[in-house]
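J.: Here is what each chain is made of, one letter per residue.
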Amino acid sequence: MRSRLGVLGAAMMAASLIALVLAGSASAKLTGEFTRFAQCPYTNPEVHRCLHSVTTGGTVKLGSKTVTITNPATLQGGYQDVEEGQFSKFFAAKNGETLSKAPQKVPGGLAGLVSCPGISNFILRAACEWTFENGLTGVNSTLELAGSSNDIEINELNLALGEGVTLKMKLKVRLENPLLGSSCYVGTSSKPILWELRSDTTNPPPPNKPITGNPGTITFLEKARVLRLNGVELVDNAWAAPATNGCGGIFSFILDPIVSAASGLPSAAGNNTAILKNTVHTTTSFALNQNDQENP
Amino acid sequence: MSRRKWGPRAFFSCLLVVLALTMLTTASANAEGNWRIEGKNISESTTITGQGEGVYAFLVPSRNVELVFQSFAMDEGFLLPNGTSYKVFLFTEGKVYTLSPALEEISSCKVGNLTFKVKGELVLHNGITYELLSPAEGTLLTTTTYSSGTGCPLPKTVPIPGSLVLEDPGGLQSEAVSHLVEQTPGGLFPGHGMLFGTHPMELDGSFSLELTGEHKGQKWSGVG
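Listed in order, the protein sequences are those of chains A and B.
Residue numbers for the first sequence follow the numbering used here, so the first one is -12 and each next one is one higher.
Residue numbers for the second sequence follow the numbering used here, so the first one is 1046 and each next one is one higher.
One or more hints might be untrue.
Straight-line Cα separation of at most 20 Å, DMTMM-like style, residue types lysine to aspartate or glutamate; simulated pairs [what the hints assert, rightly or not]:
| id | chain 1 | residue 1 | chain 2 | residue 2 |
| --- | --- | --- | --- | --- |
| 1 | B | Lys1140 | A | Glu209 |
| 2 | A | Lys155 | A | Glu209 |
| 3 | A | Lys81 | A | Glu131 |
| 4 | B | Lys1155 | A | Asp68 |
| 5 | B | Lys1201 | A | Glu140 |
| 6 | B | Lys1155 | A | Glu150 |
| 7 | A | Lys210 | B | Glu1150 |
| 8 | B | Lys1201 | A | Glu70 |
| 9 | A | Lys264 | A | Glu220 |
| 10 | B | Lys1201 | A | Glu150 |
| 11 | B | Lys1264 | B | Glu1089 |
| 12 | B | Lys1264 | B | Glu1083 |
| 13 | B | Lys1162 | B | Glu1247 |
| 14 | A | Lys264 | A | Asp187 |
| 15 | B | Lys1201 | A | Glu33 |
| 16 | B | Lys1201 | A | Glu71 |
| 17 | B | Lys1201 | A | Asp68 |
| 18 | A | Lys76 | A | Glu183 |
| 19 | B | Lys1155 | A | Asp187 |
| 20 | B | Lys1155 | A | Glu140 |
| 21 | A | Lys210 | B | Glu1149 |
| 22 | B | Lys1162 | B | Asp1120 |
Source of the hints: derived by calculation from the structure; they are not laboratory data.
Use the sequences and the hints to build the structure in full.
T.: Shown next as structure tokens:
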């Protein structure tokens, strides 16, 4: 009996020790420049590298509206090592915020999208007038991923060298205002906006003309285990934008055409432009796991 | 009146002919370039070997990296008639450094050996003979590879397209047993030069070239 209790006690102690070790491992902290990669799924053996890119400025011309980026948006997650010239599979950020929601003001606000007297439906016209009377005329636009984070494709070589397409993303733009409701979008998961961002020169269909991005400058951090690209300008002006959908909730059949017409949507390829100014950091899962172990 | 009209036309026609003749002469001068051994043009393939002199630094300022190789070898080399050549360079024992803010080794990155398989062509420019090296096949001079799984933040591979112009500061056209050659900074014309992907890359380092085989120890030169 005593020996059985002894074995049980030893097993419990061993289990406790293992739990402690695991807890220690789970609570390991990244330090210094590595902390920005905290949301990268670097413990996933399929993930070889991590990306943290903050868009701090730039403009997006969508149809007839040009939005200036004033609120930083972060793209983060993991990706795989691939052979030269190929695009890597992307892995979502651990907290689910692969692309952070950063609302940007639409110039002209609601007045630039909707004219209340022009709305024939009485209820909607009243709602429109109420919105204006209450000063709720600001409209924000927020970029969101259309579909899965796995749909993002990154070409690390092109990112590092500043040539060719660097980042492919399927997006939709959410337009936010009480009148427009909570699901007013340009683009859907099934019909997204496709961006193929690059830091060299684009080749858009007319009327757009080629524009050139900037590959940025490279700095090595954390004993050269983190690569920072400053001043990276990613551009694409060869994409198309569909019409709006879901604007005004149940009245979307009325508001969608109005908002689309005021925004110049749908807008064919060659009429839209994205210019994103970024600070990009990349590192490896190896370096992150090493940093984890160095700081239990 | 008609004479006045014809005067400038005739002048420009003559000028065009002169220019065309000059271009043809230049082209034929390049085509007539040849390797010489003991003052005589070679008429058949001749073997050549290369010896390293110090270290070799491939600098890429715009990407803030420098690849430094401790060792160089040219195991295979041929001087061919008509001023052409075929050479295989091998750079080994490489390390990667940052250039800014300080020259510092990126210990997490191991760079693989670089093999250049190039074809050469003698070029006469401003009275000086150079050798223009371009990829023997395809568009790449070589490809740099970096260790993965060691924390190296550089991409796994970076292609090196472009061309390389070699010069002998002592004169490639002067007869010598050994020619110490190095990369001509900036190449000769726009479009010349090695690229790290799309970024200019310069080679800092020199190596000596000597005849081997039946012509070992003999003086040789290249005249563009």
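J.: Hints first: check each against the structure and report whether it holds.
T.: Results of checking the hints against the structure:
Distance check on the hinted pair: Lys1140 of chain B and Glu209 of chain A sit about 18 Å apart at the alpha-carbon level, within 20 Å; holds. A C-alpha spacing of about 29 Å is found between Lys155 of chain A and Glu209 of chain A, which places the hinted pair above 20 Å, so the restraint is violated. Straight-line distance between C-alpha atoms of Lys81 of chain A and Glu131 of chain A comes to about 17 Å, which keeps the hinted pair within the 20 Å bound. Our distance criterion of 20 Å between C-alpha atoms is met by Lys1155 of chain B and Asp68 of chain A, whose separation comes to about 16 Å.
Restraint check: the Cα-Cα separation between Lys1201 of chain B and Glu140 of chain A comes to about 17 Å, which is no more than 20 Å; the hinted pair holds. Simply put, Lys1155 of chain B and Glu150 of chain A have alpha-carbon atoms about 24 Å apart, too far for the 20 Å limit, and the pair is violated. Our distance criterion of 20 Å between C-alpha atoms is met by Lys210 of chain A and Glu1150 of chain B, whose separation comes to about 9 Å. At most 20 Å may separate the alpha-carbon atoms for a hinted pair to count; Lys1201 of chain B and Glu70 of chain A meet this at roughly 8 Å.
Using a Cα cut-off of 20 Å, the hinted pair Lys264 of chain A and Glu220 of chain A holds, with the two alpha carbons roughly 5 Å apart. In summary, the hint linking Lys1201 of chain B to Glu150 of chain A is supported, as the alpha carbons are separated by about 16 Å, within the 20 Å threshold. For a cut-off of 20 Å, the pair hint linking Lys1264 of chain B to Glu1089 of chain B stands: about 16 Å separates their Cα positions. As the CA atoms of Lys1264 of chain B and Glu1083 of chain B are separated by approximately 5 Å, the hinted pair is consistent with the 20 Å bound.
Between Lys1162 of chain B and Glu1247 of chain B the alpha-carbon distance is near 18 Å, which keeps this suggested pair within the 20 Å criterion. Under the criterion of a C-alpha separation no larger than 20 Å, the hint pairing Lys264 of chain A with Asp187 of chain A is consistent with the structure, at around 13 Å. Proposed proximity of Lys1201 of chain B and Glu33 of chain A is supported: the alpha carbons are some 16 Å apart, at most 20 Å. Taking the CA atoms of Lys1201 of chain B and Glu71 of chain A, the gap is near 8 Å; set against the 20 Å cutoff, the hint holds.
A threshold of 20 Å between alpha carbons decides the hint, and for Lys1201 of chain B with Asp68 of chain A the separation of about 7 Å falls inside it, so the pair holds. Annotation: proposed proximity of Lys76 of chain A to Glu183 of chain A holds, straight-line Cα distance about 15 Å (limit 20 Å). Our distance criterion of 20 Å between C-alpha atoms is broken by Lys1155 of chain B and Asp187 of chain A, whose separation comes to about 28 Å. For the hint linking Lys1155 of chain B to Glu140 of chain A, the alpha-carbon distance of about 27 Å lies beyond 20 Å, and the restraint is violated.
Among the hinted pairs, Lys210 of chain A with Glu1149 of chain B is consistent with the structure: their alpha-carbon atoms are about 9 Å apart, no more than 20 Å. With a CA separation close to 11 Å, the supplied pair Lys1162 of chain B and Asp1120 of chain B stays within the 20 Å bound.
Hint check: violations occur at hints 2, 6, 19 and 20; the rest are consistent with the structure.
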